[in-house]
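Below, each chain spelled out in residue letters.
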Amino acid sequence: MDDRELVDRVLRYDRAAAEAVVHEYAGLIYTIFSRESDDPDHVEQRFQDFFDLLAKNDYQMLRMWNDKSALRSYLAAVALKMVLEARTRADEEPDHGLTQELLEPLRESLHSALHTVSEQDRRIIQLRRFDGLGFREIGMRLGMKPNAVGVILHRAEKRLRDQVSMVFPALFRDFVQ
Amino acid sequence: MKPAFSQEFQLVHLDPEVVACFVDGRSVEPEHLAHLRNCELCQTRASDGRLLRALLAGNQDAASATTVPLDAATIAGYHDQSLPVDQMAAVDRRLLSDNDVLLELIELRIGLHSALRAAEPQTQLVARTAARFSTGQSEESMRIASLGTLIVDWNSELPAFHFHAATPENVASITMPKADPAINDSGSFPAPIARREISLHAGRHTLRVRIAPPNQLEIFVFDEQHFRPAGGVKISLEPESGVGRQTATRQAGIASFDLQPSPARLLIDAGDRWVLEMR
Chain L
1 MDDRELVDRV
11 LRYDRAAAEA
21 VVHEYAGLIY
31 TIFSRESDDP
41 DHVEQRFQDF
51 FDLLAKNDYQ
61 MLRMWNDKSA
71 LRSYLAAVAL
81 KMVLEARTRA
91 DEEPDHGLTQ
101 ELLEPLRESL
111 HSALHTVSEQ
121 DRRIIQLRRF
131 DGLGFREIGM
141 RLGMKPNAVG
151 VILHRAEKRL
161 RDQVSMVFPA
171 LFRDFVQ
Chain R
1 MKPAFSQEFQ
11 LVHLDPEVVA
21 CFVDGRSVEP
31 EHLAHLRNCE
41 LCQTRASDGR
51 LLRALLAGNQ
61 DAASATTVPL
71 DAATIAGYHD
81 QSLPVDQMAA
91 VDRRLLSDND
101 VLLELIELRI
111 GLHSALRAAE
121 PQTQLVARTA
131 ARFSTGQSEE
141 SMRIASLGTL
151 IVDWNSELPA
161 FHFHAATPEN
171 VASITMPKAD
181 PAINDSGSFP
191 APIARREISL
201 HAGRHTLRVR
211 IAPPNQLEIF
221 VFDEQHFRPA
231 GGVKISLEPE
241 SGVGRQTATR
251 QAGIASFDLQ
261 PSPARLLIDA
271 GDRWVLEMR
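Going down the list, the protein sequences come from chains L and R. Quick note: the first sequence, position 128, residue 128 per my numbering, numbers continuous. Quick note: the second sequence, position 136, residue 136 per my numbering, numbers continuous.
Don't read these hints as lab results, they were simulated from the structure. Nothing here was measured: the structure is a model prediction, and the numbers come from that model. Using N, Cα and C, we set each Cβ at its ideal position, and we do this for glycine too.
Here are the computed distance ranges between Cβ atoms for each label pair:
| id | chain 1 | residue 1 | chain 2 | residue 2 | range |
| --- | --- | --- | --- | --- | --- |
| 1 | R | Pro263 | L | Asp49 | 26 to 34 Å |
| 2 | R | Ala248 | L | Arg4 | 38 to 46 Å |
| 3 | R | Pro30 | L | Glu137 | 18 to 26 Å |
| 4 | R | Glu40 | L | Val167 | 18 to 26 Å |
| 5 | R | Glu31 | L | Pro105 | 36 to 44 Å |
| 6 | R | Gln260 | L | Arg15 | 36 to 44 Å |
| 7 | L | Arg12 | R | Arg37 | 23 to 31 Å |
| 8 | R | Leu33 | L | Arg63 | 24 to 32 Å |
| 9 | L | Glu137 | R | Ala57 | 13 to 21 Å |
| 10 | L | Asp67 | R | Glu31 | 16 to 24 Å |
| 11 | R | Arg26 | L | His42 | 40 to 48 Å |
| 12 | R | Gln225 | L | Pro105 | 44 to 52 Å |
Work out the full structure, taking the sequences as your base and the hints as a guide.
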């Protein structure tokens, strides 16, 4: 059963489907709140609050899922909204989450990583990410085939991701797996 | 002719050039869009490309940035690369001028990626949350079942407490002298205790109550079905006066409260919710 069918069944008050949603996404939601606090009581409370919110007003929040994303991503985004609202209310810094102050170090880490790749690779990344050129245009400038540009860019950006992930784990999926 | 799929993953994944066209907002064949909608790897490649671009470009035009946050459906759709092209481009522009949105997207990515190898939450917690969610009700609206009344005899020379059940057939009372701490009929929870069997959504459980000297009320919920302490049980002691509410949540083990010689309510949330009056 796909997520659309599962949610439709929840909205038709199928209790088994509703329980299946909780079991399917419990790990994801728990992880998001665990990142915010080391206190298991607090995490459990937030976990329950999340599903209460989802069920509130006849599953209103669940009805707002619109198929433009995976259900998994939507639920994670809703949980994250709860985290951000709680942070704003408490006016507190998160234990593990990112803050504005960490965004600049993240950018600096990425720019530092740029200097670990070869001159040619850096040039391709700049033409692609700063100047927004396509593979063909980059290839014409550097005398390469578009396919070669793609391969070099892929490998160079993989190195960037690996470097940044040393400082910011889980930002890129290939570092997690 | 432009390659449609990579040679490496022929007829499986999109060629990087097609992904690049998509990220740039250029026209992409409908079948490639359809593939992207259903392929996590290609979505990840596109998503990584957009994020790298936003991070490398830095904050631009911050002065004109709107402060209205994106809703959850939009940010999730952007993460999955599945919004219409014009909306994707709008969020792209927003990322260049609004650090809050960029941070939210980064946190969403980290949350989703972290969950790939996360520990599962406690089974009991999931079971009771699922039970509540399936009724479409929030915690506040759940029915609370009565466990009866626990009467503590404070004037007795020997500490004594009795369950007075909600129905006569459930009567179970116990009086034990505190002078005999060696008695231990529960294995992990020393006597004197009062026991009450309770049927929870997650199976048959036993509630064990003990008053430890001088005035410590200890609660222990045991999962008889799996023969282990029940996890994720939330217990609150609410004095009738409304002052001095105490709450304890235990993954497993004993919840302990300071007991005052005054009427109180013990609320036990273990999926189903129970109340025990104390006099």
